[in-house]
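Asks: Sequence:
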Amino acid sequence: MPVLFELLEEEPEASARAILGHFIFVFIHPYMDGNGRMGRFLMNAMLASGGYPWTVIPVERRDEYMQALEKASVEQDIEPFTSFVGHLISEGMKGKSVAGLPE
1 MPVLFELLEE EPEASARAIL GHFIFVFIHP YMDGNGRMGR FLMNAMLASG
51 GYPWTVIPVE RRDEYMQALE KASVEQDIEP FTSFVGHLIS EGMKGKSVAG
101 LPE
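All residue numbers for the sequence shown refer to our numbering, where the first residue is 1 and numbers rise by one.
These are calculated hints, taken from the structure and not from any lab test. It cannot be assumed that every hint is accurate.
Unchecked claim - Simulated restraints, written as ranges between beta carbons of each label pair:
| hint | residue 1 | residue 2 | range |
| --- | --- | --- | --- |
| 1 | E60 | E6 | 34 to 40 Å |
| 2 | V3 | G34 | 30 to 36 Å |
| 3 | H29 | P58 | 20 to 26 Å |
| 4 | V3 | K96 | 17 to 23 Å |
| 5 | P2 | M93 | 16 to 22 Å |
| 6 | M38 | V74 | 16 to 22 Å |
| 7 | D77 | H29 | 16 to 22 Å |
| 8 | L4 | A48 | 27 to 33 Å |
| 9 | P2 | D33 | 19 to 25 Å |
| 10 | E10 | P58 | 28 to 34 Å |
| 11 | M93 | E64 | 16 to 22 Å |
The C-beta atom is built at its ideal place from N, Cα and C for all residues, glycine as well.
Start from the sequences, fold in the hints, and give me the full structure.
Replies: Following this line, the structure appears as structure tokens:
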């Protein structure tokens, strides 16, 4: 875990830090249960530190979230996960609800 925090300290952009931190934390999977919830909480704490709004992964888009996270973990391709979360952050910055947004 110390390596995670050292890596994140080097990233100046809060949104990049939040997305990477969330992915890496979930990938490390340090707990028996609650890793996803804790990862999303840490993501939002890092976003808040950069002045970004709280970003929720809508239940309606859980499958898309899980597929992007799986692709990042298994295929080492973080782009779909980054795009997915980045889109939610961007829409949140515009004050839009993300639950019904198209994929």
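Asks: The structure should be examined with respect to each hint, and the outcome stated for every one.
Replies: Taking the hints in turn, this is what the structure says about them:
Against the hinted window of 34 to 40 Å, the Cβ-Cβ separation of E60 and E6 comes to about 36 Å, which satisfies the hint. Separation of V3 from G34 is about 21 Å and departs from the stated range, judged on CB atoms against 30 to 36 Å. A hinted range of 20 to 26 Å holds for the C-beta pair H29 and P58, which are about 23 Å apart. Under the hint 17 to 23 Å, the C-beta atoms of V3 and K96, about 36 Å apart, miss the expected range.
Take P2 and M93: their Cβ atoms lie about 31 Å apart, and the range 16 to 22 Å is violated. The given range of 16 to 22 Å is respected by M38 and V74, whose C-beta atoms sit roughly 21 Å from each other. In this structure the supplied range 16 to 22 Å holds for D77 paired with H29, their Cβ-Cβ distance being about 19 Å. As the Cβ distance of L4 to A48 is approximately 18 Å, the hint placing it in 27 to 33 Å is violated.
The supplied range of 19 to 25 Å is met by P2 and D33, whose beta-carbon atoms lie about 23 Å from each other. Checked against the given bound of 28 to 34 Å, the beta carbons of E10 and P58, roughly 31 Å apart, stay inside it. Taking 16 to 22 Å as the suggested C-beta distance range, the pair M93 and E64 conforms, at roughly 20 Å.
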